[in-house]
Amino acid sequence: MGRFVARRLLQMIPVFIGTTLLIFLMVYSLPGDPVKSLFGPKAADPATVERLRHQYGLDKPLLEQYWNYISGLFKGDFGQSFTGRPVADLMAEAFPVTIRLALLAFGFEVIVGVALGILTGLKRGKFLDQIVLVLTLVVISIPVFVIGYVTQFLLGLKWKVITPTVQDSMNIGQLMVPAIVLAALSLAYVTRLTRTTVGENLRADYMRTAVAKGLPRKRVIGVHLMRNSLIPVVTFLGTDLGMLMGGAIVTEGIFNIQGVGNTLFRSIQTSEGPTVVGIVTVLVLVYLVSSLVVDLLYAVLDPRIRYA
Amino acid sequence: MRGAKSATWVAMATAVALTATACGGGGSDSGDDNAAVNPDGTYTYYNVEPQNPIIPSNTNEVGGGYIVKNLFRSLVGFDEKSKLRMEAAESIESSDNQHFTVKLKPGWKFHNGEPQTAASFVDAWNWASNGKNAQLNASWFEPIKGYADVHPEKGDPKADKLEGLKVVNDLEFTIELTKPVSTFKEQLFYDAFSPLPKAFYKDTKAFGEHPIGNGPYQMDGDWSHKVEFKTKKFADYKGDDKPKNGGVIFKFYNKDDAAYNDLVSDKLDIMYQVPNSMAGQFKNDLGKRAISQMFGGNTNISFPLYEGDWGKPEKVKVRQGLSMAIDRETIAKTALKGSKDAADGITPKVVEGYQANSCGEFCKFNPTKAKELIKEGGGVPGNKVTLTYNADGANKEWADAVCNDIRQNGGVECVTDPKPTFQQARTDITERHMKSAFRMAWVQDFPNIQNFISAQYRTKAGANDMEFSNKDVDELMDKADAAKTIEESNKLYAEAEKKILQESMPSIPLFFDHTLAGYSKKVQNVKFDSFRQAIWTDVEVKK
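One line per chain: the protein sequences are A and B, in this order. Going by my numbering, the first residue of the first sequence is number 1, and it counts up by one from there. Going by my numbering, the first residue of the second sequence is number 1001, and it counts up by one from there.
Isolated chain A, as found in the complex (with noise of 0.2 Å):
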């Protein structure tokens, strides 16, 4: 166990190198001079144009400068924006908020979504099986920022039952809304993973031997079925996370949310480099240890998979 985990972790160097080189080189192949386009539509001048360039560094070869956000980044420093201010500053702001957001959403997803997908998965093709196939169809082939739009014309602008933004967007409350039409889409998948599990499970052979031996109904789903339908959708849950917390940019743009999303979707624009790799590394390291989790996670639900 314990040498997997290292093994795992070990694992995690050049897969964060490699994705911070490409995200580096990807950010500087980006069409428009950043630099220059801090005037706008003025012509720039040479010589500012000079300065600020070698002010960020930018001055230097793709390699050099690569280095340079490299051996700062393990000194604690993920460099400084075009505005000046540090990146780790503006990934402080942004990161409690998506977390929250995203744990919002991941909370929504697991207890709504694994209930439905066992209740629908038990009673297979009754009325309410029939009634959740039909609705996380329509869930699923809606794209979210129709879902999301929707949602706030009618509960925000219509029915005024909630500020058709986000005000204030580290509390929970108002993040609420925004947070089950983030869920929704990841919310429907869940149930017909688990639906379907549920069902295969259900026929299997430890299944009919559980029951034979008189235990109780409670304890042949809770434990039997249970522990072995929700693999799979482990998995799944353990890379959505990280999708949630990365893919949520048209739901904070709808509801005005200053989270990851946004701050990510303005540095691409803007071709600003430490920005962008600086948060796409965060969330890279946010997908590594969810699936490492994941992985030692099977070992508790299967006693079968041993790591060595």
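Keep in mind that a hint or two might mislead.
SDA-like cross-link-like pairs, simulated, lysine to any residue; straight-line CA separation at most 25 Å [as the list claims (entries may be wrong)]:
#1 B:K1349 / B:D1478
#2 B:K1179 / B:E1495
#3 B:K1145 / B:A1455
#4 B:K1132 / A:V49
#5 A:K42 / B:G1311
#6 B:K1479 / B:Q1098
#7 B:K1542 / A:Q167
#8 B:K1267 / A:K42
#9 A:K42 / B:K1396
#10 B:K1132 / A:Q167
#11 B:K1369 / B:K1499
#12 B:K1205 / A:Y69
#13 B:K1230 / A:T83
Where chain B lies over chain A, by a calculated footprint (3+ residues, C-beta under 8 Å) [as the list claims (entries may be wrong)]:
#14 48 to 62
#15 149 to 163
#16 261 to 273
In case anyone wonders, no lab produced these hints; they're calculated from the structure. Idealized CB from N, CA, C, for every residue including glycine.
Could you slot chain B onto chain A? The hints should help.
Leaving out everything else, chain B in the frame of chain A:
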């Protein structure tokens, strides 16, 4: 961005279908126009997070610009009617438009209590123009004598003070320019010429986060990045435009759609520009609280005179023909839903020095003559017009309509070439990769004809993306800049404008832009100037 905006419509339509109700919103009740006013009430103003720290000489975009304009007062400013007025200055005198004597109003203070003196201005200008400090607005100091020494094109500055600036006493200083500039007094209104307190030089970085100005509002608390920037009334403000409200809170949005929804439900008080997708609807939503008003900005299409045949003299006729093939009035009314007016020249109507019809017959719709002229000029190079624009602005509607007119009325093949972002379009334009027509727009730096003509049509001017060059026009502009009075200068510039359009037409004037603004039920007396800014100090907050 465009995609997302049409998404609003899809969403709205879906919502409408789902609930089977008509769309609408706030209705037209505008509240009582003469409600009791709370002089200490604050209001929220739509804005975007500033791109740079709040330093006047480094702020060149709207996000920071609107904040600077409230925290600082320059020597002069413009009133609602675009008339120049003295602000921090008592008087600015010059007999030759080259040597200026500035006298300051006594008793003005910065927000930290420090008195405003001649040195507050002179030191700030020296610092801002110094090449070492790499300020984005440094080029505004170019007319002042000695600029080349403090801001050389290459290498370190040879001097750290502008030779043309001299402090006479606490309330008086003089400015000497390298050559006469008739609109220099007007230019002094610009943010870059704001005074700075001594505290600035101690720690410029900290200042950018906590700016201290001399204007009607002072910063209130910390700058809550990407969320809001709060200001409150400055009690010691000595200007004539004392605030009638308690302060402005700049609220930052990522998307104007979100802001508009807040506006309609009174969560945002003033929005100076509603989303393009709402142009047809905002009057229904806001009733009397909707404003559509021309401001100092235009939309044109320009031609790369550096590219192949476009530079040939006979192509003047082709461009004029293309211009006459465009039915501006109809496009403005239908495709643009009144969000722009048909242009009859380069300088918009609300700008000082505007002269009616400087384009002559060439901006009037006349399909017969259009075809004739295009034919006389030997046709469009490559037999096809490609119109390049940036798709992240409100350009698709007019670009498609204009191209359509060129095809139908001019008989010339026309396609549009949308670039995803403004930045990409700009890079292609400034690196001179254009092969055919492209969008060129100008939003005034200050409301005078000089700004519209000189910045884009002078040989080698910074924003002369066409590489247009005409000796007679340059001479007229030089003469105008040396003129004794502003009236005389305006007249000469108008003459230059006429000459540009009627004899060369390097760009086709299309529209004068409108600001489409709105305000909530909580505020009243909301007016806009030619900069499409609210008259912030006049806004009244209802009790």
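Against the structure, the hints come out as follows:
1. For the hint pairing K1349 (chain B) with D1478 (chain B), the CA-to-CA distance comes to about 23 Å; that is within 25 Å, so the pair holds.
2. Only pairs whose Cα atoms come within 25 Å are accepted, and K1179 (chain B) paired with E1495 (chain B) is accepted, the gap being roughly 22 Å.
3. Taking the CA atoms of K1145 (chain B) and A1455 (chain B), the gap is about 20 Å. The hint holds against a cut of 25 Å.
4. Taking the CA atoms of K1132 (chain B) and V49 (chain A), the gap is near 11 Å; set against the 25 Å cutoff, the hint holds.
5. Only pairs whose Cα atoms come within 25 Å are accepted, and K42 (chain A) paired with G1311 (chain B) is accepted, the gap being roughly 23 Å.
6. Proposed proximity of K1479 (chain B) and Q1098 (chain B) is supported: the alpha carbons are some 14 Å apart, at most 25 Å.
7. For the suggested pair K1542 (chain B) and Q167 (chain A), the alpha carbons sit about 21 Å apart, so the restraint of at most 25 Å is met.
8. Taking the CA atoms of K1267 (chain B) and K42 (chain A), the gap is near 35 Å; set against the 25 Å cutoff, the hint is violated.
9. Annotation: proposed proximity of K42 (chain A) to K1396 (chain B) holds, straight-line Cα distance about 23 Å (limit 25 Å).
10. Taking the CA atoms of K1132 (chain B) and Q167 (chain A), the gap is about 41 Å. The hint is violated against a cut of 25 Å.
11. With a CA separation close to 20 Å, the supplied pair K1369 (chain B) and K1499 (chain B) stays within the 25 Å bound.
12. For a cut-off of 25 Å, the pair hint linking K1205 (chain B) to Y69 (chain A) stands: about 22 Å separates their Cα positions.
13. At roughly 20 Å between alpha-carbon atoms, K1230 (chain B) and T83 (chain A) fall within 25 Å of each other, so this suggested pair holds.
14. Beta-carbon proximity to chain B at under 8 Å applies to 5 residues in the segment 48 to 62 of chain A; the threshold of 3 is reached and the given coverage holds.
15. As drawn, the segment 149 to 163 of chain A meets chain B at 10 residues by the rule of a beta-carbon pair under 8 Å; at three or more, the given contact holds.
16. Counting residues of the segment 261 to 273 of chain A whose beta carbon lies closer than 8 Å to any beta carbon of chain B gives 7, which meets the minimum of three for the stated coverage.
The earlier numbered hints that this structure contradicts are 8, 10.
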